[in-house]
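K.L.:
Here is how the chains run, residue by residue.
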Amino acid sequence: MNVNQHTPMASPYGQPQPGYTQPGYAPLDGGYPAPYAPYNGPASPYQPGAPPQGISGPARGPPTTGPPPISAPQQYNQYSHSQGDMQNGPPPMTQAQPRPPVSQPYNPGAMNMSGPHPTYPQHYGPPPTMQQVSNQMSGMQITSGPPTPAGPGYAPPHSSQPPVSTAYSAAPPPSYTQAPPPVSSAPTQPPPSGPAASQQYYGSPPPPSQQPFNSSLPPTSQQQFTSSSVPPPPSQQTLPPSSYSGPAPPAGQPPAPPVSQPQQSFPPSQPPFSSAPPPTSQPAFAPGPPPTAPGSFPPRAPPPSSQPGSYPPPTSAPSCQYPGPLPPQQQPPPSQPFPYHSGPPPPRAQMPPTSMAQSNHLPPGPQGPPGPPGPLQQPPSQPGMQTGYPPQQNGAFGQVRGPQPGYAGPYPGQPNYGAPAPAPAPAPPAQKRLDPDAIPSPQASDMPAVQKSRHRIDPDAIPSPIQVIEDDKAKSTEPFTTGVRGQAPPLVTTNFQVKDQGNASPRFVRCTAYNMPCTADMAKQSQVPLAAVVKPLATLPPDETPPYLVDHGEGGPIRCNRCKAYMCPYMQFIEGGRRFQCGFCSCVTEVPPHYFQHLDHTGKRVDCYDRPELSLGSYEFLATVDYCKNNKLPQPPAFIFLIDVSYNAVKSGMVSIVCQELKTLMDYLPRENPEMDSIVRVGFVTYNKVLHFYNVKSSLAQPQMLVVSDVSDMFVPLLDGFLVNVNESRLVIESLLDQIPEMFADTRETETVFGPVIQAGLEALKAADCAGKLFVFHTSLPIAEAPGKLKNREDKKLIGTDKEKSLFQPQVGFYNTLAKECVAQGCCVDLFLFPNQYVDVATLGVVPVSTGGSVYKYTYFQAQSDQERFLNDLRRDVQKPVGFDAVMRVRTSTGIRATDFFGSFFMSNTTDVELAGLDCDKAITVEFKHDDKLSEETGALMQCAVLYTSCSGQRRLRIHNMAVNCCSQLADLYRNCETDTIINFFSKYAFRGVLNNPTKAVRDTLVNQCAQILACYRKNCASPSSAGQLILPECMKLLPVYLNCVLKSDVLLPGADVSLDDRAYLRQLISCMDVTETHVFFYPRLLPLMKLESGSLPVAVRDSEERLSKGGVYLLETGLHLFLWVGASVQQELLLNIFGTPSFGQIDSSMTSLPVLDNPFSQRLREIIDSFRAQRSRYMKLMVVKQEDRAELIFRHFLVEDKSVSGGASYVDFLCHMHKEIRQLLS
Amino acid sequence: MTTYQEFIQQNEGRDGVRFSWNLWPSSRLEATRLVVPVSCLFTPLKERPDLPPVQYEPVLCSRANCKAVLNPLCQVDFRAKIWACNFCFQRNPFPPSYAGISEVNQPAELMPQFSTIEYIVQRGPTAPLIFLYVVDTCLEEEDLQALKESLQMSLSLLPPNALVGLITFGRMVQVHELSCEGIAKSYVFRGTKDLSSKQIQEMLGLTKPAASGQQGRPLAPQDAAASCRFLQPVQKVDMNLTDLLGELQSDPWPVPQGKRPLRSTGVALSVAVGLLEGTFPNTGARVMLFIGGPPTQGPGMVVGDELKTPIRSWHDIQKDNARHLKKATKYYEAMANRSAVNGHSIDIYACALDQTGLLEMKCLSNLTGGHIVMGDSFNTSLFKQTFQRVFSKDNNGDFRMAFGGVLEVKTTRELKVCGAIGPCVSLNSKGSCVSENEMGIGGTSQWKVCSINPSTTLGFYFEVVNQHNAPVPQGGRGAIQFVTQYQHSNTQRRIRVTTIARNWADAQSQIQHIESSFDQEAAAVLMARLGVFRAESEEGPDVLRWLDRQLIRLCQKFGQFNKDDPTSFRLSESLSLYPQFMFHLRRSPFLQVFNNSPDESSYYRHHFVRQDLTQSLIMIQPILYSYSFYGPPEPVLLDSSSILPDRILLMDTFFQLVIYHGETIAQWRKAGYQDMAEHEVFKLLLQAPLDDAQEILQTRFPMPRYIDTEHGGSQARFLLSKVNPSQTHNNLYAWGQETGAPILTDDVSLQVFMDHLKKLAVSSSA
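Same order as they appear, the protein sequences are chains V and U.
So that you can map any letter, position 491 of the first sequence is 491 in this note's numbering, and since no number is skipped, the others follow by simple counting.
So that you can map any letter, position 276 of the second sequence is 276 in this note's numbering, and since no number is skipped, the others follow by simple counting.
For the record, the hints were derived by calculation from the structure and aren't laboratory data.
From a predicted model like this one, the values you see are computed outputs, not experimental measurements.
Cβ coordinates follow ideal geometry from the N, Cα and C atoms, glycine included.
Keep in mind that a hint or two might mislead.
Simulated DEER-style distance windows between Cβ atoms [to be verified]:
no.: 1; chain 1: V; residue 1: E728; chain 2: U; residue 2: M153; range: 55 to 65 Å
no.: 2; chain 1: U; residue 1: Q257; chain 2: V; residue 2: K820; range: 28 to 38 Å
no.: 3; chain 1: U; residue 1: D354; chain 2: V; residue 2: P593; range: 24 to 34 Å
no.: 4; chain 1: U; residue 1: Q257; chain 2: V; residue 2: P592; range: 53 to 63 Å
no.: 5; chain 1: V; residue 1: N725; chain 2: U; residue 2: Q257; range: 52 to 62 Å
no.: 6; chain 1: V; residue 1: L622; chain 2: U; residue 2: Q257; range: 48 to 58 Å
no.: 7; chain 1: V; residue 1: N725; chain 2: U; residue 2: G713; range: 47 to 57 Å
no.: 8; chain 1: V; residue 1: S952; chain 2: U; residue 2: D354; range: 39 to 49 Å
no.: 9; chain 1: U; residue 1: D354; chain 2: V; residue 2: P592; range: 51 to 61 Å
no.: 10; chain 1: V; residue 1: K820; chain 2: U; residue 2: D354; range: 35 to 45 Å
no.: 11; chain 1: U; residue 1: Q257; chain 2: V; residue 2: S935; range: 50 to 60 Å
no.: 12; chain 1: V; residue 1: Y860; chain 2: U; residue 2: T126; range: 54 to 64 Å
no.: 13; chain 1: V; residue 1: Q1175; chain 2: U; residue 2: S179; range: 45 to 55 Å
no.: 14; chain 1: V; residue 1: K820; chain 2: U; residue 2: E536; range: 42 to 52 Å
Lysine-lysine pairs mimicking DSSO-like chemistry, simulated, CA-CA at most 27 Å apart [unchecked claim]:
no.: 15; chain 1: V; residue 1: K629; chain 2: V; residue 2: K803
no.: 16; chain 1: V; residue 1: K632; chain 2: V; residue 2: K663
no.: 17; chain 1: V; residue 1: K524; chain 2: V; residue 2: K1110
no.: 18; chain 1: V; residue 1: K473; chain 2: V; residue 2: K499
no.: 19; chain 1: V; residue 1: K766; chain 2: V; residue 2: K789
no.: 20; chain 1: U; residue 1: K563; chain 2: V; residue 2: K766
no.: 21; chain 1: U; residue 1: K193; chain 2: U; residue 2: K308
no.: 22; chain 1: V; residue 1: K791; chain 2: V; residue 2: K651
no.: 23; chain 1: U; residue 1: K430; chain 2: V; residue 2: K697
no.: 24; chain 1: V; residue 1: K789; chain 2: U; residue 2: K430
no.: 25; chain 1: V; residue 1: K791; chain 2: U; residue 2: K236
no.: 26; chain 1: V; residue 1: K805; chain 2: V; residue 2: K651
no.: 27; chain 1: U; residue 1: K236; chain 2: U; residue 2: K148
no.: 28; chain 1: V; residue 1: K697; chain 2: U; residue 2: K259
no.: 29; chain 1: V; residue 1: K689; chain 2: U; residue 2: K193
no.: 30; chain 1: V; residue 1: K632; chain 2: U; residue 2: K67
no.: 31; chain 1: U; residue 1: K308; chain 2: U; residue 2: K327
no.: 32; chain 1: V; residue 1: K651; chain 2: V; residue 2: K629
no.: 33; chain 1: V; residue 1: K564; chain 2: V; residue 2: K604
no.: 34; chain 1: V; residue 1: K1110; chain 2: V; residue 2: K1000
no.: 35; chain 1: U; residue 1: K259; chain 2: V; residue 2: K629
no.: 36; chain 1: V; residue 1: K632; chain 2: V; residue 2: K689
no.: 37; chain 1: V; residue 1: K766; chain 2: U; residue 2: K259
no.: 38; chain 1: V; residue 1: K632; chain 2: V; residue 2: K651
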């Protein structure tokens, strides 16, 4: 099987890919056929992996039957599904290759890898390493992520104690510092002194290899990979660990050894999977794999725990030792994956305890208390040393090549695998168990991990977002200071404080890479996108100071003569302060006399710290009249409310709700000084087929309505009295808002216009010569005779064809032109849609999207159930800080330049981003490309300047400066990436791509690029490992899972129930999201609510149905939706606490807010919900989903690690697919 | 036997008709030689308090192309109950209702004193009167306020059931909905866009009834409902409208320095016309346009909004330098015609110091019978009282206005009608009595006069078509019948029929009779109308030349003289004043544009072609009264010699009323003698012209500009420009007299004019 599979795999994969993206998924159910087939190939392998569960190999056959894996299966399913169902899957798989069993084993190990694993097995057995490699790869990835580091390290300790310890040590070291050297030595010795070793690690270079490992690991877990090759054993170990863990545990470590042996037979294959699968499979196989196998999986996840550790320890430890490993290499490679794991841990190094490390360590801990502890302890110390890490990494890198040996160390882990397999097996088991749990909740995982082991394929063995997030949280306890160049900030999911010390806060600017390649070649080679997500007006938490306002007097801000960059900390003062040299273009500019200041002995200006523009990353300049349109200071901005009063709008209650709410909102118009009244003026328009303007001049007793029926040639009928100051005209306005619903209560007009509505607002602003914002409340497709009239072009048949892209494009060119005019005037449009049917969001949204506005959509709006959401959105939208008539320009130092921009804005040339309106929630993603070389010394600088009119009518420049490092080694690049930001970039890139390309092509592109990134890493940074291992950079180990989420999104892979409007809506929505929002959008937050503590949130669980317990209640949020999932057998007490009802059946699933109950649980839950809502820019309506209820389908859509109904692959499946892609690239 | 003078006055009093000739030359050739055509001034609705309308319908000649109305000139066979049409000689039986007719029991229309008779037609629904105010809001605050008050006041003058509507405009045009409660609602149109009537109705939501009508629903109620939104009975929306007017703001759009406010008069009118067209076609309606400046944008714009480009002057026009003139004129003409077709009249009340584009817009009123009132400001009594006088009532309490008039002329076969000059449009009804020779608005025997008031007077021009070789039998009479159908202000439909007859005379044998039947006043006015009509389309000098030639030819025809001896030239009494009229006509603003803006010329001409004979004569040759201690007030010569230091002069030019205090009087007044008891008489003297002026002011429409000035006062120019400059700086000493005041002008005096005239008349080479 394996073998066969492999071969098939290869091809299949290739094929699959396509399949993957589209067919593959789509098919999931049955569609797969073709793609699947290919997949299946792999899949089967995978499944096999899965089988691990089964011991699968056989299991498959059985396993399938062995539904037991169920959970696991599901994951598998995808793949297997590809063939048929999970169950089927297996069979097919099996079918595919005779060796199903084997494959199964693989599966287990690989889980993700499974695919590969199986292959491995097969290959292994007979075939070349290749397969193995692949398997390993797959497996590696999976397990590796977390486990490896620790794994190996631990492993050693545990099983092979010594090695383990070494590993451990290694791991720690990284974290610590380069301590590695010792490590190296340690490695050698490692075994000997577990803990000590670890320490040594840090210190000891020799271990370098190992250390590197560690170090490397830490930095890039992958590094291990490289080394892995050497360490084969470790890898195996690692694998084993993970997989093993699973299997091992069960099978018992006892089997472990056998496992390894088995591996030998299959071993190889398994090993590859090794990381996870191999072990499992192997172990599983070997021993009583079945049970164990499954178990193993879990373990895998846990691998972290000890994953490898445990495993490795046993075998790996020894094997890890390079020497040993080497021989095993083949096997090792597979194991190498572990290194990955291990790798990650290292980084975590600090974290080790927590995240990966934790997992790994933990496991070890448990297992080899001594060993683990050591590492753990060490890690702790490291935490502080982020920088330290990097160095290590660097060092590692440096060593890497050389070190690889060291890596090997890590790899050793793999070797361990091989070796470990056997040994580890024993130890691992426990760890494995740990792992599973550990992953979900790292902390708990430690010990608890042991709790149970899942027999199914173990998702825990693959990099866990939750783990990463929690690790990062634990690591980021101190304020993040921006003073050090090239330092990656904590993740967006982490709460941290920022201290501006010369670079912009990550709340304003987040980069994909904080260490950019020096040359275009490198950049091209790595394929890592170089981009920054800028949120210029982001709101800061109360404990951070908003940007200072700097006034340089009548001459305006001081700027470089040549490139016009604004004064910033990167300007170098020379000649005693009389001139300064631009950091961007190196041009020397005279310092104006009024700005002159002496320099101190270090060459810094004496007043450096008195001036924000010389010491901070973000600040504002007061702009002079030269920066204003027509050289006139701007008029105060205006808000114009345009309300659809056609039949539908009135009937749905929208009109009266809006009018009622506006009365209150008038007092909350944006202002800078809360003490003052807002100077924003307001105007009102209602419309159906014609427009009604209102004169609400304060001198009138009653408002006056002015009807404009000439919609073909829009104009504003009045000026004075249309835009008014709220306080002056309050009575008239209130009277108007009272009367509007009455006036149109009996309307029978169903047709509406849309283009003229925006034109009206635009003309009004033009007439008043000010910038402003339009709030359009609209219900239906504008079919009335007027400019911008639309046809109903909803045609789902186009989906999946080459014409699909037309669905995202506006139907008519009218709105593009209109948008351009709006931007020229500074007219931002926010659109609130209340459609009952197709309204063509793709077209209606053109203007909002191009003007920096937002689109809100309330399909089938009903006053009762949607009012709250709408009103909260409206309130926030009206109140939020906003700038008008903005122009953003990004300047960069010589060598790179901003080439592409994504977001809600308009560009009339290639450099200026024009935003009619810019609010605090809008982010712009900027892509950079090289046009020359960068130098490591100066790094890469960027300055983002936004010229805008504040809501108080002041013209200002907001400046954000950002400096990142530059590297000539790819490894440095991979060590300083921000996956969340990359995903943000990818999603925007892809979502724009669908405008012009078939969706399938877009998805393929994404997968390819991602594979290239990872392959490049694999090739250049994780060198020596076996090709079959999947090695992920520590910083990017979540890339596959997140990418999969992007690929599965409704835009790229629509389900049958997703309307065209929804897709267009989401597409537009994403385009201006910042990293925080895209993160939670693509990977929703899923909180178990069984236990709530005040002050802290429960630790999230991964987005998979497997993680849901029937007896639990879960809260899921995506930034747009909020679900409360109630398990069918939930405790009565819980129900009483939450719903006040004792029975599951009595829960009203139509409720949109929880009953206010007087118990701590209810209070806390509502607090949590409120706090979630407060965090997001849009109000999330709460949906209560009862298990087995129909609504659960919707809910499941957001369990993004699972296979989706629309054909999206499960995480595991996708990882396998990705692995395969990478292997192809590498070969 | 009465004199012709009496005969003429009697005829005028009874029928409102003044003929240039009261004996008609019996052949075409002779008629042509008379120079002044057979023509008349006809006042269709001349007030006849003594003429009660009859409550039945007229009896018409049954011949399809005749349809003349039974009149006293018809031969009636009482026994056979048959009457013979005196126009076509068709014999018609009387209708059954006339069964009881006999020599002693004649219906009114057969009695000679009822040569003019009015019938009330009971047919058809009566439609309420409609008043649509179209108000310019680009006014100074003060002006706007005054206008608003005038408008509010006018509401109380309207008949309660009259429909009113309000359109305001500035940069935009707003049609106010009057039926709504709560929020005041209006429809807005862009001031720069020319919209078709259909578009306007669509945008006002007036087309729905039609749509539903197609579905077979009755039209009427919805139609009414739809239009009701904009046109409402006064009694219903009185309060609403008063408030609305009260809240009217002046145009809110800022006017940058150096610019005129943007005024969309063209579109506003177009909307008004479109609205009425869509809702009340063929119903009496009055669009009252109030403007405070020229249209500056959109269709019908007269001048751009740049203040640096002044509005066109005669100079510009002559140099073909008026960019917008032709386009705007064409635009307003088209609109006037549309409006006229629907029977709606358009008034223009223009109050501004500068021109307001009356030249371009005049046809709106000229063709539809609307008024034009020109003043300096809405805040003047001139406007306020004139406007008030629009709604004046007669003794019966009815408005002195009638709508939708159709005036038809029927002639006996020797005569054909050449055309009409007055506030009317042709209905293009070609009948047998229509001449091919057009004079004025010709080519038809029917004209539409959308709005008629009792003084509205049209000039009709006829052609004698009888051939010289087919003489009319001795004692034969020619007859003309004017049939005027109109909507009375009390909404009744009425028909007034005037039938007149004149004797034919052989111009060869009876030339003296014909000469003595000459009505030189009527002839002067009729010729003046022809001149003014020509002046609209021809160069000023050409018209003057034409007038001169006519005058010379007339003098040659009727003067008594020896060839080439100017001193021997004499004119008979019936023609003696005619040259003098012509002299003043030549100097009048109707033909002279010097010193007048195009708007003023248009304004003067507008009134000239619609006023009755008396008023027209005043316009041609203003009346001058003298007040002095030497006797009762007396009319004096319109001559510079009448200007004496110890006199007070009162001049009435129709458009202006000038009281001029002579040098001495002025000094006395300044010294305050009038306040001294011992100089009571002086006070009375000062008061006398004021009282007389008041009398004139009270009856005149439009209110004349009232000027109180004195010797040396700047406003004295109004007087000085009118009087015959018998004494000028050129001849002051030649005359060697102290009397009178010299006029600083190069204009020829009447004396010189007459001298030339005589010379030319007697010249054998002429």
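K.L.:
Hint by hint, note whether the structure agrees.
P.N.:
Cross-check of the supplied hints:
1. E728/V - M153/U: 55 to 65 Å: About 32 Å separates the Cβ atoms of E728/V and M153/U, which means 55 to 65 Å is violated.
2. Q257/U - K820/V: 28 to 38 Å: holds (31 Å)
3. D354/U - P593/V: 24 to 34 Å: violated (56 Å)
4. Q257/U - P592/V: 53 to 63 Å: violated (36 Å)
5. N725/V - Q257/U: 52 to 62 Å: Given range 52 to 62 Å: violated, Cβ gap about 25 Å.
6. L622/V - Q257/U: 48 to 58 Å: violated (30 Å)
7. N725/V - G713/U: 47 to 57 Å: Holds - the Cβ-Cβ distance for N725/V and G713/U, about 52 Å, lies within 47 to 57 Å.
8. S952/V - D354/U: 39 to 49 Å: holds (44 Å)
9. D354/U - P592/V: 51 to 61 Å: Holds - the Cβ-Cβ distance for D354/U and P592/V, about 54 Å, lies within 51 to 61 Å.
10. K820/V - D354/U: 35 to 45 Å: Holds, at about 41 Å.
11. Q257/U - S935/V: 50 to 60 Å: Holds: the Cβ-Cβ distance is about 58 Å, inside 50 to 60 Å.
12. Y860/V - T126/U: 54 to 64 Å: 55 Å Cβ-Cβ, so the 54 to 64 Å window holds.
13. Q1175/V - S179/U: 45 to 55 Å: Holds, since Q1175/V and S179/U (Cβ atoms, about 52 Å apart) stay within the stated range.
14. K820/V - E536/U: 42 to 52 Å: Holds: the Cβ-Cβ distance is about 51 Å, inside 42 to 52 Å.
15. K629/V - K803/V: violated (41 Å)
16. K632/V - K663/V: Not satisfied, since the Cα-Cα distance of roughly 33 Å exceeds 27 Å.
17. K524/V - K1110/V: violated (48 Å)
18. K473/V - K499/V: Measuring from Cα to Cα gives roughly 17 Å; hence the hint holds.
19. K766/V - K789/V: holds (23 Å)
20. K563/U - K766/V: The hint is violated at about 80 Å.
21. K193/U - K308/U: Measuring from Cα to Cα gives roughly 25 Å; hence the hint holds.
22. K791/V - K651/V: Within the cut-off at roughly 23 Å; holds.
23. K430/U - K697/V: violated (58 Å)
24. K789/V - K430/U: violated (51 Å)
25. K791/V - K236/U: violated (45 Å)
26. K805/V - K651/V: Given that 27 Å is the threshold and the Cα spacing comes to 34 Å, the pair is violated.
27. K236/U - K148/U: The given pair, whose Cα atoms are some 19 Å apart, holds under the 27 Å limit.
28. K697/V - K259/U: Distance of about 25 Å is within 27 Å: holds.
29. K689/V - K193/U: Between K689/V and K193/U the Cα gap is close to 19 Å, so the pair holds against 27 Å.
30. K632/V - K67/U: It is violated: about 75 Å lies between the C-alpha atoms, which goes past 27 Å.
31. K308/U - K327/U: Holds, at about 21 Å.
32. K651/V - K629/V: violated (43 Å)
33. K564/V - K604/V: holds (21 Å)
34. K1110/V - K1000/V: violated (37 Å)
35. K259/U - K629/V: holds (23 Å)
36. K632/V - K689/V: Since the Cα atoms of K632/V and K689/V sit roughly 37 Å apart, the hinted pair is violated (cutoff 27 Å).
37. K766/V - K259/U: holds (19 Å)
38. K632/V - K651/V: This hinted pair is violated, its Cα atoms lying about 45 Å apart.
Checked against the numbered hints above, the structure violates hints 1, 3, 4, 5, 6, 15, 16, 17, 20, 23, 24, 25, 26, 30, 32, 34, 36 and 38; every other hint is satisfied.
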